[in-house]
Amino acid sequence: MREFAKLNPAVQLVYFLSVILVVMFDKNPVILLISVLFGLLICLRINSRVFLKDLPILAAILFISTISNPFFSQNGATTLLFINDMPVTLESLVYGLSVGVMLISVISWFKIFSFTMTSDKIMYLFGRYFPSLALTVSMIFKFIPQIIRQAENTKRVQQALGQFSAKSIMQKLKGSINIFSIVLTWSLENALDTAASMKARGYGQKNRSSFMLYRFTALDLITLLIVLILDVVLFLGIALGKTKFDYYPIISTVDTTGLALAVYISFGVLALLPFYLDFKESLKWKYYILKI
Amino acid sequence: MNKLLKCALKTGCAMKRIKKIVAFSIALAALSIGFFLFEEQKYTWGSLVIAIMACLPFFVKYENGRNAAEIVVIAIMTSIAVLGRIIFVAVPGFKPVTAVVVITAMYFGAHAGFITGALAALVSNFYFGQGPWTPIQMLVWGLIGLLSGIIALPLKKSLVLRVLFGAFSGVLYTLIIELWTVIWLDGYFNIRRYLTLLVSSGWFTLMYLVSNVVFLLLLAKPIGKKLERIITKYGL
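Protein chains in written order, with this note's numbering: chain A, 12 to 303; chain B, 15 to 250.
No false leads were mixed into what you were given.
Computed cross-link-like contacts, BS3-like style, restricted to lysine-lysine with a CA-CA straight-line distance of at most 25 Å: (1) K217/A with K33/B; (2) K239/B with K183/A; (3) K291/A with K17/A; (4) K30/B with K75/B; (5) K235/B with K185/A; (6) K239/B with K166/A; (7) K240/B with K183/A; (8) K34/B with K217/A; (9) K210/A with K75/B; (10) K75/B with K217/A; (11) K132/A with K291/A; (12) K185/A with K240/B; (13) K56/B with K253/A.
Treat the hints as calculated values from the structure; they're not laboratory data.
Nothing here was measured: the structure is a model prediction, and the numbers come from that model.
Between the sequences and the hints, there should be enough to build the whole structure, so can you do that?
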């Protein structure tokens with residue numbers, strides 16, 4: 012994932028849009044399996060501790076989603092048993108399972124998305140079209156730690172002045188409200204000073220440029236082309252209904268003819284794309300070590 | 015007709031018109047492509063495209079405003095809303111976010127309210143996890159801000175209305191978010207799942223409702239006084 016994160020943010024965005032769209036909207040079991048396995052695999056590589064911590068939650072989502080679905084839907088031809096005259100069908104259970112897998116997959120892929128597409132990259136992508144909004148968001152990211160720091164300072168000053176010595180909860184609450192009020196006034200005044208300073212330096216004038224950190228390299232172009240070619244196969248197949256899969260009333264069989272197979276393979280290749288870049292770098296590293 | 019002709023003659027105005035038409039066609043194209051591609055999930059796709067498209071006019075208007083003072087005030091109020099969500103992370107559902115959005119809208123108007131709500135959703139999800147729900151949350155919190163900006167005067171005057179509006183926005187939030195969840199999971203409006211979700215998230219809804227009311231009661235006057243002072247002092 013490290014090498015992939017170094018690519019131009021535009022390429023990363025196209026990649027994530029393609030993967031997440033398919034993961035969110037396609038309920039074909041093969042696509043679901045590929046997305047959930049590779050999604051979890053990449054999550055494991057990014058941070059194995061967090062992955063292990065999240066695993067029970069993901070398992071719970073899968074379990075609840077499967078066993079609760081018969082309550083929501085009594086469709087399906089194969090009735091397994093009745094609970095209080097309510098039919099529990101095989102199709103309904105399988106649909107619940109597929110929804111659970113989809114949820115896990117979406118959660119994992121959005122985790123990968125958040126890990127790779129940090130807020131500065133999103134800023135870089137959309138800042139050109141929405142400069143004021145981008146400025147506001149980057150100010151918010153600066154204000155949040157600043158307000159926390161100021162609140163801590165204010166608390167220390169208040170303690171030095173003898174506040175907070177009382178132990179009762181009401182007194183403490185009063186002290187906290189006091190600090191909140193002080194910090195709010197300070198932040199607003201401070202921010203409006205910033206606004207005055209911005210105005211004095213010509214904010215909002217035309218013909219101002221902004222600093223861009225990212226370049227578009229040959230590697231970016233190649234990666235983008237690969238993603239786009241895979242996308243064409245993938246979305247063409249989806250548009251032609253090759254991944255269409257019915258859960259009700261009878262679970263349909265998975266299409267494994269030519270184009271459907273091509274769709275699965277291109278989705279698999281796409282989902283593991285971040286790995287190849289890392290793999291290439293590690294090969295390079297081994298090669299240089301051998302040369303020594 | 016005359017007005018239209020005059021408008022067409024002026025290039026600036028014509029450009030704006032062209033931009034509007036282009037934006038509209040992109041929206042239509044996005045909608046129809048999604049309908050074509052993901053037939054079974056067309057409502058999920060449609061709702062996401064519409065949520066994003068509904069936010070866009072407010073964002074575009076914000077870009078055209080370009081007022082440094084407005085930008086910093088909105089940034090501060092959004093930071094406070096996001097901080098509130100972070101500070102109260104241990105208490106599920108009990109969040110001051112909506113209250114802060116409503117108060118901002120009361121003093122800086124409907125448009126600022128929408129932007130604060132939408133940005134609070136967007137930025138706080140960088141801390142709590144982005145997901146397909148982000149555009150929907152942005153729209154709902156934005157709309158709560160917009161609404162409270164429209165009825166700002168009565169909200170400022172009447173304590174009862176503030177309490178009612180706080181409760182209303184708590185319920186509205188759950189109703190819309192769960193509606194979207196159902197459409198995403200089932201591809202259609204599965205009323206049984208919707209009702210079950212509403213019942214199972216009943217505790218959260220109650221907490222949203224109570225926290226909105228409590229924080230509006232606690233914060234509306236003190237924050238309002240400070241905002242009014244700032245407005246007078248800096249002539250906003």
